[in-house]
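Hey, can you work out the whole structure from these sequences and the hints?
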Amino acid sequence: MQSYIKKSISAIASIFILIQISYASNHSSEEEFVKTFSDKAISILGNTEISEQEKSEKFTSIVMSAIDLNLISKFVLSKTWKNATDDQKERYLKAFKTYFVNSYANKLNQYSGEKVKIIGSEVKGKYTIVESNIIREGTDTLQINLKWRILNRDGDIKIIDLNIEGISLIIAQREEFQSFLANNNSDLDQLITKLENINN
Amino acid sequence: MIYSRTITAFVFCLLLVGGCSSNPRSTALDSSLNASSISDPFEAVNRVTFSFNSIFDKSIVRPTALVYRGVVPGFVRNRVTYSLDNLNMPVTAVNNLLQGELSKAGIASSRFIINSTIGIFGIFDPASSFGLVVENEDFGQTLAVWGVPSGPYIVLPFLGPSSPRDFTGLLSTSLLDPMYQIGSDSNQNAFRSYRMGVGVVDFRSQNIEIFDDLQNNSLDYYAAVRSFYNQSRESQSLNNLETGSDLEDDIFDEFEDLELDDSYVGPDIEIEYSGE
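For the record, the sequence lines run as chains W and F.
Just so we're aligned, residue 1 is where the first sequence starts under my numbering, counting upward by one.
Just so we're aligned, residue 201 is where the second sequence starts under my numbering, counting upward by one.
Think of the hints as simulated: they come from the structure by calculation, not from any bench.
None of these values were measured; they are calculated from a predicted model.
Idealized CB from N, CA, C, for every residue including glycine.
Treat the hints with caution; some may be incorrect.
Stated by the list, open to error - From the derived model, a few chain W residues whose C-beta atoms are all more than 10 Å from chain F: (1) 27; (2) 36; (3) 39; (4) 40; (5) 46; (6) 48; (7) 49; (8) 116; (9) 142; (10) 149; (11) 157; (12) 185; (13) 187; (14) 195.
Unchecked claim - Heads up, simulated DSBU-like pairs for lysine-lysine below, C-alpha to C-alpha not over 35 Å straight-line: (15) W:194 with W:55; (16) W:126 with F:258; (17) W:94 with F:258; (18) W:124 with W:94; (19) W:82 with F:258; (20) W:117 with F:304; (21) F:258 with W:194; (22) W:35 with F:304; (23) W:94 with W:35; (24) W:124 with F:304; (25) F:258 with W:58; (26) W:82 with W:158; (27) W:55 with F:258; (28) W:126 with W:115; (29) W:82 with W:126; (30) W:194 with W:126; (31) W:117 with W:58; (32) W:115 with F:258.
What follows is the structure, given as structure tokens:
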């Protein structure tokens with residue numbers, strides 16, 4: 001049993017070392033993007049010299065420049081988007097943007113000294129999944145797994161989704177919208193009105 | 201005694217169902233694909249139970265979690281999280297064995313032995329620094345790996361989101377978890393209550409803002425929580441099947457269709473986002 005433990009420890013340790021080496025020698029541009037983005041975000045969140053208002057504006061602005069909101073807006077509506085009128089589309093895009101800023105981008109109160117550590121990345125179809133861990137403050141090993149779904153269109157890199165411990169935020173949003181529509185006669189106008197109400 | 205016999209019978213029936221499916225791998229994948237269309241035939245009843253649970257949460261669990269986080273220093277809270285994680289290792293080892301994951305079972309056992317001794321009853325985690333890291337496994341996940349479908353989404357009073365598969369897993373924990381076999385009956389009960397009570401408060405205290413935001417910003421809080429639960433359980437169940445994110449990737453492939461749809465480009469899309 002003891003030699004088994006020793007063997008598995010050394011096997012696992014060598015795998016970790018290999019991962020470290022391959023990471024150090026070979027970051028993808030998507031990994032660099034996530035690293036730069038999360039460093040910037042954390043430096044804004046951890047900055048005690050600027051006002052809450054200023055913090056919130058800066059944070060929202062870097063989140064908005066890093067994501068493809070247009071694509072996300074369409075995706076969470078799924079098939080309903082295709083059947084919408086131009087007027088509905090315009091109202092929806094405006095309402096969803098404000099809703100998105102309020103519910104996702106503006107999460108300042110949740111930050112408490114965590115660090116983001118990039119583990120690696122893997123290409124899945126047209127996306128690159130960058131895997132990282134958020135490490136809880138005051139510990140080395142209490143961590144949350146975070147996967148970033150990245151779309152790289154010839155060097156124009158955007159974040160499409162965040163997967164937290166197996167939960168995709170965009171898929172959750174989409175299922176919520178679908179459930180709302182299913183319970184409201186598939187009426188997009190009601191969904192838009194509801195979004196506008198939440199925003200105000 | 202009758203209680204545990206009923207559970208045994210129930211588990212046995214499920215084993216038989218699982219045994220019938222010729223290819224567990226494809227069955228588990230099928231059930232995960234079904235989950236994308238969300239099986240929720242009891243939605244009306246579930247929503248009532250969900251409202252009840254929300255009131256229970258708002259009046260008891262959330263306030264307790266807030267006080268816990270406010271009064272207990274972060275250092276101690278981290279120790280509690282570690283100790284709860286350590287108590288999960290024996291049942292994780294058993295379930296990894298049942299799933300045929302021998303090396304993971306070995307890692308879970310080693311973690312438990314090292315952290316319970318050198319780590320002082322699990323409040324520190326030296327095992328991780330030796331590279332001994334393993335995800336928690338429960339019997340619900342084992343059933344998933346064996347090909348038992350999750351069944352419809354159900355919301356249980358007090359316990360929250362579940363499925364017949366996960367609820368069976370929960371009931372069988374008392375039979376499978378070595379930690380439940382230790383000590384006299386009264387000790388076991390006290391121990392169980394500690395784990396359950398502290399576990400709930402520990403989990404809730406880590407998620408106060410997340411649930412607050414979710415509740416305030418949701419069009420449909422019930423549907424949001426249902427999606428969180430289903431996605432989370434699917435990914436936990438599939439972590440030993442290595443088919444983890446296939447479903448998610450399929451869903452995201454839909455982006456392609458939508459991108460091609462240039463029938464409308466809103467005037468408000470290319471706006472600058474700063475200073476709003």
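Which numbered hints turn out to be false for this structure?
9, 10, 14, 16 and 19
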